[in-house]
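Chains A and B supply the protein sequences, listed in that same order. Position one of the first sequence corresponds to residue 2 (our numbering), numbered consecutively onward. Position one of the second sequence corresponds to residue 2 (our numbering), numbered consecutively onward.
Because the hints were derived from the structure by calculation, they are not lab data. Incorrect hints may have been included.
In this list, chains with the same sequence are indistinguishable; a pair is considered to hold if it fits within one copy or across any two.
List time: in silico SDA-like cross-link candidates among lysine to any residue, alpha-carbon distance up to 25 angstroms [stated by the list, open to error]: (1) LYS94 <-> THR208; (2) LYS94 <-> ARG107; (3) LYS94 <-> ARG50; (4) LYS94 <-> ASP54; (5) LYS94 <-> GLU183; (6) LYS225 <-> LEU82; (7) LYS94 <-> TYR47; (8) LYS225 <-> SER174; (9) LYS94 <-> GLY56; (10) LYS94 <-> PRO106; (11) LYS94 <-> LEU141; (12) LYS225 <-> GLY204; (13) LYS94 <-> ALA60; (14) LYS94 <-> ARG57; (15) LYS225 <-> GLU164.
There are 2 protein chains.
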Amino acid sequence: MSETTDAAAQNDDPAPAASAPGREAVIDLLGLLALGELLAFERMVYDARLAPDLGRRAALSEAAVGEIRNYRLLADRLQELGADPGEAMAPFKEAFRSFDASTSPRDWLEALVKVYLGDAVADDFFRVVSAGLEEQDRTLIETVLAETGASDLAAEEIRAAVEADAAVTGRLSLWARRLVGEGINRAQGVAAANERLTAIIVGDGGTLDALLRRLTRAHQDRMKSVGLNN
Amino acid sequence: MSETTDAAAQNDDPAPAASAPGREAVIDLLGLLALGELLAFERMVYDARLAPDLGRRAALSEAAVGEIRNYRLLADRLQELGADPGEAMAPFKEAFRSFDASTSPRDWLEALVKVYLGDAVADDFFRVVSAGLEEQDRTLIETVLAETGASDLAAEEIRAAVEADAAVTGRLSLWARRLVGEGINRAQGVAAANERLTAIIVGDGGTLDALLRRLTRAHQDRMKSVGLNN
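With these hints in hand, go ahead and build the complete structure from the sequences.
If you want it as structure tokens, here you go:
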């Protein structure tokens, strides 16, 4: 804010750039990311019940542990910033609830596509937003991104299913498109309701539409890698 | 059984006695314990949704991680014994499903009582059965027992709730009795269906009824320690 005093200049620690986002916007963003990780964890454990056998049911639950570990990293950072993690997450609860209510998987493969796709889009999103953050938060996000257990497990199972029965390709591709559509919908809702958060997400001169197009393209390339169509 | 050899006289420590349980019975038992841990994990994550705020919801999910870690230890041991964990667990799935279907908590405190009580009774049970096992399995069970995160969290919240509002005591005590009743019911069903497993659980000369009475007494003492009645 002020450039007239030393205290203000050294305000935050590793010297924030002139355009560094304010503390409140960072708390919003970390709250959104933390809730995303917490709910990804819960969703995997719920959806694990769709597994064809107890071994795979347990495997998805075990893979989900990476997400709750990520939640803890983000929650710790929120507390460091003086924020209550529960309160920082609360504004985004309804968007996630409504997304999950409209995309409840009907079987094991749909559950895995949701895991794979959700994890991948979340990772792309993490990468995009981390660019605008300070050193410490960027490092935190790199640690979060390094966790790929659930995504690897899901990709492997989807590939095997597509190879074993080409007929599932169409059905799962359609399901993936629906997930993306619903996801874009909720992202627009969250952005419309929170200007401060949107500013930090899209960055200087960016627009939400451009960001969503970019995420969608990355997603389409990734679908191919597990044998699905765009 | 025999009093004629030193090995039998010191029955209880390392060296398996002549009466050491067969491999199949140990696999049954480890399958039962592994499924118990896996489902305790899932149940906590599901029931965490009943939490009054996102912070406590996350806390219960985080505490649940100890259970899935225990599941992994037991599953690894099953694999060491040449058994498939999924197959070893399958015979007990219906008993747990039916227990959970008849004891679905209606609110956060009921969920916590179920966590606390389930964890405690499971621990008592682990202790009882470990006596009949060989060294390696006893050590494994000690490691499993050392995990108390979920139970500690639940006990703390229940005590605080009882202190804040004495009126909840009666309701939660009744709920705890119902959980125990349903649990005994399912235990009897499992025992009746599997003689080999029952033999390893009750030990030489023991009966299931005596074991259940012993577990129930331990449970009653424990209820008092969180402010509930028998």
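Each hint tested on the structure:
no.	hint	result
1	LYS94 <-> THR208	within (24 angstroms within a copy, 51 angstroms between copies)
2	LYS94 <-> ARG107	both (23 angstroms within a copy, 21 angstroms between copies)
3	LYS94 <-> ARG50	both (23 angstroms within a copy, 12 angstroms between copies)
4	LYS94 <-> ASP54	between (32 angstroms within a copy, 11 angstroms between copies)
5	LYS94 <-> GLU183	within (15 angstroms within a copy, 35 angstroms between copies)
6	LYS225 <-> LEU82	neither (40 angstroms within a copy, 40 angstroms between copies)
7	LYS94 <-> TYR47	both (17 angstroms within a copy, 16 angstroms between copies)
8	LYS225 <-> SER174	within (10 angstroms within a copy, 55 angstroms between copies)
9	LYS94 <-> GLY56	between (31 angstroms within a copy, 12 angstroms between copies)
10	LYS94 <-> PRO106	both (20 angstroms within a copy, 22 angstroms between copies)
11	LYS94 <-> LEU141	within (23 angstroms within a copy, 40 angstroms between copies)
12	LYS225 <-> GLY204	neither (29 angstroms within a copy, 57 angstroms between copies)
13	LYS94 <-> ALA60	between (27 angstroms within a copy, 17 angstroms between copies)
14	LYS94 <-> ARG57	between (29 angstroms within a copy, 14 angstroms between copies)
15	LYS225 <-> GLU164	within (13 angstroms within a copy, 57 angstroms between copies)
Checked against the numbered hints given earlier, the structure breaks hints 6, 12 and satisfies all the rest.
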